[in-house]
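Asker: Residue-level listing of the chains:
There are 2 protein chains.
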Amino acid sequence: MNPLDPKEFRRQGHMIIDFLADYYQNIGNYPVLSQVEPGYLRNLMPEFAPLSPEPIETILQDLQQHIVPGITHWQSPNYFAYFPSSGSTAGFAGEMLSTGFNLVGFNWVSSPAATELESVVMDWLGQLLNLPKAFLFSGSGGGVLLGTTCEAILVTLVAARDKMLSQIGRENICDLVVYVSDQTHCAVQKAAHIIGIHPKNLRVIKTTKSSSFTLLPESLSSAIQTDVQNGLVPCYLCVTVGTTSTTAIDPLGPLCMVAKKYGMWVHVDAAYAGSVCICPEFRHLIDGVEDANSFSLNAHKWFLTNLDCCCLWVKDPASVIKSLSTHSVYLENSASDSKLVVDYKDWQITLSRRFRALKLWLVLKSYGVVNLRNFLRSHVEMAKTFEGLVKRDERFEIFVPRNLAMVCFRLLPSAVAKISNGSSKTEDVANEINRRLLDSINGSGTVYMTHAIVGGVFVIRCAIGATLTHTTHVIMAWKTVQEHADAILNY
Amino acid sequence: MNPLDPKEFRRQGHMIIDFLADYYQNIGNYPVLSQVEPGYLRNLMPEFAPLSPEPIETILQDLQQHIVPGITHWQSPNYFAYFPSSGSTAGFAGEMLSTGFNLVGFNWVSSPAATELESVVMDWLGQLLNLPKAFLFSGSGGGVLLGTTCEAILVTLVAARDKMLSQIGRENICDLVVYVSDQTHCAVQKAAHIIGIHPKNLRVIKTTKSSSFTLLPESLSSAIQTDVQNGLVPCYLCVTVGTTSTTAIDPLGPLCMVAKKYGMWVHVDAAYAGSVCICPEFRHLIDGVEDANSFSLNAHKWFLTNLDCCCLWVKDPASVIKSLSTHSVYLENSASDSKLVVDYKDWQITLSRRFRALKLWLVLKSYGVVNLRNFLRSHVEMAKTFEGLVKRDERFEIFVPRNLAMVCFRLLPSAVAKISNGSSKTEDVANEINRRLLDSINGSGTVYMTHAIVGGVFVIRCAIGATLTHTTHVIMAWKTVQEHADAILNY
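Residue numbers (my numbering), protein chains in the order written: chain Y, 30 to 520; chain H, 30 to 520.
Keep in mind that a hint or two might mislead.
Note: identical chains are not told apart, hence a pair may lie in one copy or across any two.
With a straight-line cut-off of 27 Å between C-alpha atoms, the simulated DSS-like cross-links for lysine-lysine are [said to hold, decoys possible]:
1) LYS420 with LYS238
2) LYS229 with LYS192
3) LYS238 with LYS454
4) LYS351 with LYS235
Since the hints were derived computationally from the structure, they do not count as laboratory data.
Hey, can you work out the whole structure from these sequences and the hints?
Answerer: Rendered as structure tokens:
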């Protein structure tokens with residue numbers, strides 16, 4: 030047995046490439062949302078691992094027959110759920126190379142190219158975003174590639190906590206307060222819990238429809254003042270540029286102004302919307318970032334790098350390193366001692382790390398900045414098209430103004446009135462009917478969308494950005510929505 | 030621009046496969062440890078990201094010319110550093126498929142197959158390790174695939190912390206104590222810091238050479254008693270099966286007996302040695318696991334899955350879920366509500382997750398259990414060979430008894446005496462000469478080994494387990510060591 034025999038590697042590698050190329054070719058034929066029932070696979074799989082080897086041909090048949098039906102096809106052109114997981118040939122190629130080299134770049138010496146390429150591409154992307162020099166290695170900051178935004182938030186939250194505790198004393202950890210809005214990603218709540226923030230000190234500030242579910246500086250300010258009066262210590266604010274439910278854009282500049290007064294750490298979570306800020310016309314969304322401490326986006330959401338690839342920039346890497354560095358004798362080396370190199374293990378939660386920079390490098394080189402900008406713009410244009418279609422059907426409403434490539438819409442209470450049996454709780458009925466509409470759409474397998482509930486209202490989210498999606502798919506998606514609405518409303 | 034055009038995907042995919050197959054074919058020709066200087070790449074790379082696309086052919090040339098020289102070749106047959114990153118065609122194929130499907134399996138509904146296959150393979154592997162049913166889904170526990178051991182430790186530590194704080198009150202977080210030995214991986218210290226354990230409450234228990242650097246139950250017991258007398262609360266013990274420095278095997282059973290008295294959470298970190306426990310003759314290394322709360326191993330270290338793939342089993346998933354679950358309206362779905370499914374987002378730090386189960390499934394099916402056992406055994410045999418060679422050269426000693434496939438050795442103080450200029454600090458001189466020997470070996474590029482310092486003694490670690498390594502490479506590695514020793518001692 031030679032598990033890395035180059036000849037066999039080549040043979041099987043080519044087979045997998047063909048399997049996947051065929052998959053992409055036929056992806057439109059699969060139901061987008063898998064229609065299997067809980068437990069379907071356990072019944073199909075043997076109880077024990079096989080004692081003897083199976084040929085790759087058999088394994089791929091097994092995959093096609095048993096696994097693929099249980100897959101929800103995130104790369105389908107008819108995928109409009111959550112946010113996309115943005116895949117591409119370049120992203121795939123980068124991940125293949127990373128997996129093939131299979132190196133572990135925890136520090137510089139363990140593979141210098143892994144560290145250095147990461148620093149280079151993070152500066153490249155930071156420049157494209159027009160981030161202040163203070164966030165770049167070419168300035169006084171720097172960037173790191175993590176798996177997900179959850180990690181970016183955990184990393185910055187620990188740094189913020191320790192910075193504050195070094196001033197007020199470690200025993201006062203229960204006094205620290207973390208600020209979010211009711212639209213902030215649950216990652217912040219989870220990270221705050223993990224690092225020992227007292228549950229009563231996660232301050233969730235209410236947003237409303239009238240301000241498009243953005244966090245208002247005056248609401249933040251008033252929450253902070255109350256906390257300070259109660260002897261608590263403001264520690265960390267997460268500002269979201271493109272919330273998950275409705276892509277709301279928190280007003281970054283004014284929020285930073287409030288936070289600055291209290292010496293809090295401000296993190297900008299631009300997981301979804303960050304990528305599009307490489308287009309000059311969208312850059313204003315992150316105006317004010319110069320006053321934040323850290324900024325992150327998920328390149329796997331809208332920058333073609335395949336899962337997983339979160340880009341985090343920090344102004345003060347030393348504060349992160351102070352919190353997350355470890356010393357192990359067996360990792361000592363003269364390059365680290367020289368302080369001339371970056372050791373990324375001290376910028377993240379884990380020690381081991383994959384060579385993620387390759388895929389970002391390949392995406393930037395394979396497509397080039399001009400094409401990338403136009404590609405992102407094309408998703409926004411498709412969303413405009415979808416928005417226009419919704420607006421033309423008076424049974425529906427666009428629930429919040431569309432910001433980027435996601436449209437939040439619903440059947441209006443007035444449209445569902447005739448099947449509400451004169452119920453006075455029209456909004457409740459509308460929620461129920463919209464939920465039924467969404468289930469009906471997704472049950473068809475034709476498209477996949479998901480929902481949000483904001484301000485008590487159930488809305489359907491159509492998130493455009495799957496790489497294979499074209500305008501034709503968007504138009505078809507709307508037709509599907511209408512057909513299912515017809516069926517439900519005529520029931 | 031169509032970044033997922035199946036035709037172009039196929040063309041480029043085949044090119045990358047050939048690139049990597051060629052790489053494996055020629056890997057023995059590269060210096061194992063990259064010989065570049067800090068900053069080498071920044072000078073070679075343009076200052077800005079390219080505006081226009083570059084063809085894949087140019088990018089691969091760039092990769093070969095600029096990136097590959099900065100890579101430390103972890104897949105080289107002459108790689109004996111740290112622990113291996115265990116790659117294989119099956120592991121690679123699994124990662125390709127995962128990257129190709131590019132789905133995000135945070136909960137069951139987001140891709141049922143991803144969740145269900147993971148549960149199945151974790152039960153398969155758990156059975157192979159003869160883990161008690163209490164750790165398996167077919168019993169009352171369950172397993173999850175994470176990135177690294179650092180995550181496994183963070184996950185279990187948070188669960189342990191919250192379990193204890195629910196009894197003693199959240200405000201007493203500063204009283205919790207975490208127990209490790211001075212050989213425990215620094216991941217525990219880092220995780221303890223992250224979750225808010227007071228730095229003075231990380232109890233690092235000394236080990237000695239006389240007990241092969243294992244954690245002694247009586248030392249643990251005495252440390253705990255002192256803490257309890259001081260009003261502190263024992264919370265978590267990490268037992269290591271195969272330490273990083275010397276592959277020491279902590280006595281799991283007796284340590285659990287001590288911990289049990291205090292209601293502590295016991296985690297077994299078998300990152301390296303866990304995989305080999307699928308061989309019946311090594312299973313005794315984890316005897317006593319039935320009394321632990323959680324158990325983890327890194328399949329990317331010695332189970333051919335490529336980076337990253339940490340397998341974590343827990344006896345009481347509910348305690349982990351209680352600490353790590355989040356609720357987001359936009360993730361609500363009827364499958365989750367039914368409680369019939371696993372939502373792995375609540376078993377880990379992050380929300381998004383890759384479809385890692387595919388590679389473990391492919392490894393198990395492609396090679397079969399019998400071959401896998403023999404493959405692991407072959408590494409242990411090669412280590413025996415290396416050990417035998419060291420023993421035959423009386424200038425050297427095996428510093429601690431070899432347990433598995435790693436040999437800790439050094440030039441003896443007596444051998445370096447003649448160049449110590451009659452210094453009375455023979456041990457210091459020996460350390461210095463062994464360090465110089467290691468630098469000399471690694472500077473040659475012929476092999477790559479790393480060091481540890483245990484009990485004040487600098488030792489060279491020869492960790493065997495890179496997939497392409499054969500006995501001939503091990504013999505050549507020893508010859509390299511001898512040649513460099515000759516040169517240094519005759520200086």
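Asker: A separate judgement is required for each hint: does it hold in the structure or not?
Answerer: Now for the hints, and whether the structure bears them out:
no.	hint	verdict
1	LYS420 with LYS238	within (19 Å within a copy, 76 Å between copies)
2	LYS229 with LYS192	both (21 Å within a copy, 18 Å between copies)
3	LYS238 with LYS454	within (20 Å within a copy, 75 Å between copies)
4	LYS351 with LYS235	between (34 Å within a copy, 25 Å between copies)
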